[in-house]
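From first to last, the protein sequence lines are chains A and B.
Numbered as in the working numbering, the first sequence ends at 505 without a single skipped number.
Numbered as in the working numbering, the second sequence ends at 324 without a single skipped number.
No lab work stands behind these hints, which were simulated from the structure alone.
Careful: at least some of the hints might be erroneous.
[What the hints assert, rightly or not] So, partial list: chain A residues that the calculated Cβ filter (under 7 angstroms) puts toward chain B:
| # | residue |
| --- | --- |
| 1 | W157 |
| 2 | D288 |
| 3 | V426 |
| 4 | A436 |
| 5 | G467 |
[Unchecked claim] In silico DSS-like pairs for lysine-lysine, Cα to Cα no more than 30 angstroms straight-line:
| # | chain 1 | residue 1 | chain 2 | residue 2 |
| --- | --- | --- | --- | --- |
| 6 | A | K480 | A | K312 |
| 7 | A | K474 | B | K97 |
| 8 | B | K94 | A | K464 |
| 9 | B | K94 | A | K488 |
| 10 | A | K352 | A | K388 |
| 11 | A | K366 | A | K474 |
| 12 | B | K97 | A | K480 |
| 13 | A | K496 | B | K312 |
| 14 | A | K366 | A | K236 |
Idealized CB from N, CA, C, for every residue including glycine.
One-letter residues, chain by chain:
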Amino acid sequence: MRKVFTVLLVVGVLLGACATPTPQIIKETVVVKETVPVEKVIKETVTVKETVVVKETRVVEKAVTQVVEKVVTATPSIPEEELATRDKPVTLRIGISAQPPDSPFRKALNDLQARHPEWRIVVEEMAGGEMQRVPAQIAAGTLPDVVRITGLSAQPWIRQGAFLNLQPLMTSARYDVTDFYPGTADEFRFQGAFYGVPAAVGAEVIYYNIDLFDKAKIPYPTDNWTWEDLRAMARKLTLDKSGKNADDPAFDGNNVVQWGYNTNPGAIAAWAHFYVEPFGCDYCANEDCTRLKFTSDVCLNTLQWWADFTSKDKATLYDPYSGKQTGTPGDPFLSGKVAIGNNGFFAVAQLKEVASFKWDIVQPPKGPTGKRVSVFSTNGYVIAANSKHPREAWRLIEELTSPDFMKAEFAARGGALPSRRSAAPVVLATLQPPPANIKAVLAALEYGHPFRPNSFGAFEVYGKIIGLTNAAMKGERPVKDAYAEAEKIANDILIKAEQDAAQKK
Amino acid sequence: MSSTVSLEQTGRIAGKAQTAGKRRERMGPLARRRERWFYLMISPWIVGFILFSGGPIIASAAISFTRWSLVQSPDWIALGNYTYALFEDDLFWKVIKNTIYYSLGSVPSGLVVAFALALLLNEKVRGINFFRTIFFLPSVVSGVGVILLFGWIFNPRFGLINGMLARVGIKGPGWLYDPHWAMPVLIILSLYGVGGTMLIYLAGLQGVPQELYEAAEMDGAGTWARFRHITVPVLSPVTFLLLVTGIIGTFQVFTPAYVLTNGGPEFSTTTIGLSIYFNAFQYNKMGYAASQAWLLFATILVLTLVQFRLSKRWVHYEQEDRVK
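All chains, please: the whole structure from these sequences, using the hints.
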């Protein structure tokens with residue numbers, strides 16, 4: 001018998017050593033009282049390698065099973081009867097861009113994990129970028145349950161059925177979407193249904209260098225300014241080697257050392273709404289923006305205005321980021337060589353780090369129509385269409401997009417802002433020092449909207465017309481010709497994408 | 001006549017097979033053991049190849065006959081991608097032209113420069129090992145870092161090249177920002193990594209039998225004649241190897257164009273490798289990208305076969321010559 005016991009003990013120890021170190025719930029008892037929070041007593045096994053007393057009679061120096069007890073509070077989102085049948089936490093995989101371990105997001109997620117032991121949240125950083133990783137994971141059927149993707153990428157994947165329609169879950173949870181800035185919500189909406197919940201937003205606003213304005217003795221822009229005002233200011237703030245500005249007849253446009261404004265001719269393709277819509281040009285030829293029309297009179301006049309600003313006035317950069325013109329790669333506004341720059345609000349973080357000059361923010365100018373436009377860079381959470389735990393994934397999204405989580409994630413950073421009205425102003429107030437004109441950012445969040453086109457084929461459109469728009473802005477090709485060609489290329493791509501999608505159906 | 005030849009050939013092959021079979025029967029236990037060990041030793045590579053290269057190769061062939069965005073299930077469209085590439089997509093022919101331009105520019109110039117450097121570094125002078133190290137060093141420097149450095153050297157306004165040209169009164173071109181000059185810059189950049197080729201030539205040069213030079217010298221051959229009639233022919237197998245691998249490599253070029261120009265300006269540096277990447281991972285046209293990859297493979301295969309066929313005219317194998 002002693003031999004039998006010894007054999008059993010050895011076998012038990014060996015089996016214990018082979019067990020997974022992951023905590024496993026072996027028993028749970030749900031205790032329900034009428035008015036108190038639901039509590040359950042859970043016993044779980046933990047494998048530890050240390051000296052442990054077994055049956056209080058023997059000492060074994062091997063990996064053994066230790067029984068521990070702990071009490072956790074049950075989440076109200078999952079019915080207790082279902083919980084009672086569970087024997088271990090639900091593993092929820094979440095795909096995000098690279099986040100340092102000490103990032104606010106990671107800290108907030110750790111807190112969230114501690115509050116939800118019924119989940120085992122596994123973070124998967126999307127090395128290689130979402131453009132490669134997400135489609136590859138969709139094809140392989142291994143997309144994480146919850147993925148944080150950029151808004152610009154979302155629509156083509158949504159329209160191909162890659163993500164779960166969240167509308168039923170949102171409706172049953174009575175999820176309030178009115179708290180989100182409308183443009184951010186639009187990024188994840190298709191045919192009236194939500195396929196994602198926005199998290200971060202960076203509204204495009206205008207930055208100006210106070211020192212350069214002071215030096216030129218030009219009044220600062222106000223929120224009531226127009227694009228013509230901006231152009232006039234930019235001309236005065238653009239200086240050649242000898243210090244002459246662009247209004248001076250002797251100005252040497254080939255030797256500019258300081259620019260009034262920075263735009264990006266490529267952006268006139270990809271971010272065009274920001275530049276042309278205030279002038280009355282809406283190049284989306286249909287509601288879904290799956291056809292483009294650049295060649296209307298109003299659009300051609302607007303684009304010519306921009307081409308003149310770039311290549312005749314030479315008061316704005318045509319290639320701001322490569323360093324070709326400024327000698328400094330990256331955002332030229334950060335280098336102090338540009339007096340007025342447009343960028344997302346996320347540039348605040350960089351400015352706080354590197355700017356050696358005073359700066360502030362102002363709303364984008366109005367056009368002749370009186371309209372002003374901001375575009376968004378957003379990201380948000382989606383659920384993989386084949387997720388095995390859609391309900392838990394949705395609960396996780398609810399938590400990740402709660403005002404409290406957002407405040408914890410975004411506070412004091414000066415990067416992106418929360419997409420919720422109830423969280424963004426709070427986060428803005430935590431910035432030290434805050435931009436003086438905080439209300440400009442909040443206003444832009446209200447009227448900003450997504451990039452368009454953003455349907456399937458949009459990236460190909462951007463990639464294939466950018467050379468033409470560059471050439472037009474630099475004055476190398478007539479605006480009318482370049483944009484007529486761009487329009488044809490764009491529509492050919494979008495029509496083919498639509499035909500392919502129709503065949504698929 | 002042809003049927004006779006065919007029969008002869010068939011007989012020869014059958015004979016060889018029989019001989020091989022008999023040889024195997026005659027193999028002793030040691031030889032069989034060695035054979036087993038041979039297969040055991042190469043099996044990790046074979047298994048790895050089948051799993052990680054062979055499988056994807058076969059899959060890519062199948063994918064090339066489909067329309068597939070990766071997100072939805074693929075649709076069979078037979079040769080649709082191939083006909084689109086060859087007869088409808090103007091950009092495809094432009095990227096083929098760009099790729100040929102790059103290959104024609106960088107392979108011959110790379111071979112000439114590497115050969116010249118190897119000749120210099122084959123001289124028996126003091127400190128030659130130092131110079132060999134210096135010239136080989138660029139080959140082990142991080143590729144992207146060097147590429148970015150070249151981007152600045154060729155910056156039209158602040159770059160070293162245009163700065164030097166400006167000193168002698170010449171206004172330099174826009175280089176990477178000019179559709180006519182961007183590809184030449186990439187070709188020049190390719191010369192930076194010529195150290196590997198140089199090293200192979202150097203090894204080849206050190207294997208040239210000295211008695212050939214001595215015999216030629218006794219016959220009154222000068223330096224040029226010795227180079228022309230001994231060095232070049234003896235090294236022709238090396239040149240052939242480098243030519244074949246060089247053309248294959250340049251047809252697959254991706255990194256410099258991706259990092260420096262992203263295929264621009266005006267698609268002037270969009271090579272076939274870059275085009276495959278764009279179609280697969282930016283435009284989500286995986287089927288079309290796979291078809292381009294197979295067209296690239298077919299092009300490289302044809303070019304390599306042509307090179308092998310033409311090599312009989314100019315490549316001299318010492319052993320073969322001696323047998324003759």
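Hint check: A:K496 vs B:K312, CA-CA at most 30 angstroms. Holds or violated?
Between A:K496 and B:K312 the Cα gap is close to 48 angstroms, so the pair fails against 30 angstroms, i.e. violated.
30 angstroms Cα cutoff - pair B:K94, A:K464:
holds, 13 angstroms
Quickly compare the C-alpha distance for A:K474 and B:K97 to 30 angstroms and report which way the hint goes.
Cα-Cα ~26 angstroms, so holds.
Between B:K94 and A:K488, does the CA-CA distance stay at or below 30 angstroms?
Within the cut-off at roughly 19 angstroms; holds.
Hint check, A:V426 versus chain B [nearest Cβ-Cβ separation less than 7 angstroms]:
Where the cut-off is 7 angstroms and the nearest Cβ of chain B is about 37 angstroms from A:V426, the hint is violated.
Quick check on A:D288 please, does its C-beta sit within 7 angstroms of some C-beta on chain B?
At about 18 angstroms, which exceeds the 7 angstroms cut-off, the nearest Cβ of chain B leaves the hint on A:D288 violated.
With a cut-off of 7 angstroms on the beta carbons, see whether A:W157 makes it to chain B.
The hint holds - A:W157 has a Cβ within 7 angstroms of chain B, the shortest such distance being about 6 angstroms.
Quickly compare the C-alpha distance for B:K97 and A:K480 to 30 angstroms and report which way the hint goes.
Judged against 30 angstroms, a Cα distance of about 28 angstroms means the pair holds.
Hint consistency between A:K352 and A:K388 [alpha-carbon to alpha-carbon, up to 30 angstroms]:
Violated, at roughly 43 angstroms.
Quickly compare the C-alpha distance for A:K366 and A:K236 to 30 angstroms and report which way the hint goes.
holds, 20 angstroms
Hinted pair, alpha-carbon criterion (30 angstroms max): A:K480, A:K312. Please report holds or violated.
holds, 16 angstroms
Under 7 angstroms is the threshold here; is the Cβ of A:A436 close enough to any Cβ of chain B for the hint to stand?
For A:A436, the interface hint is violated, since the closest Cβ of chain B sits about 34 angstroms away, which is over 7 angstroms.
The structure is inconsistent with the numbered hints 2, 3, 4, 10, 13, although it conforms to all the rest.
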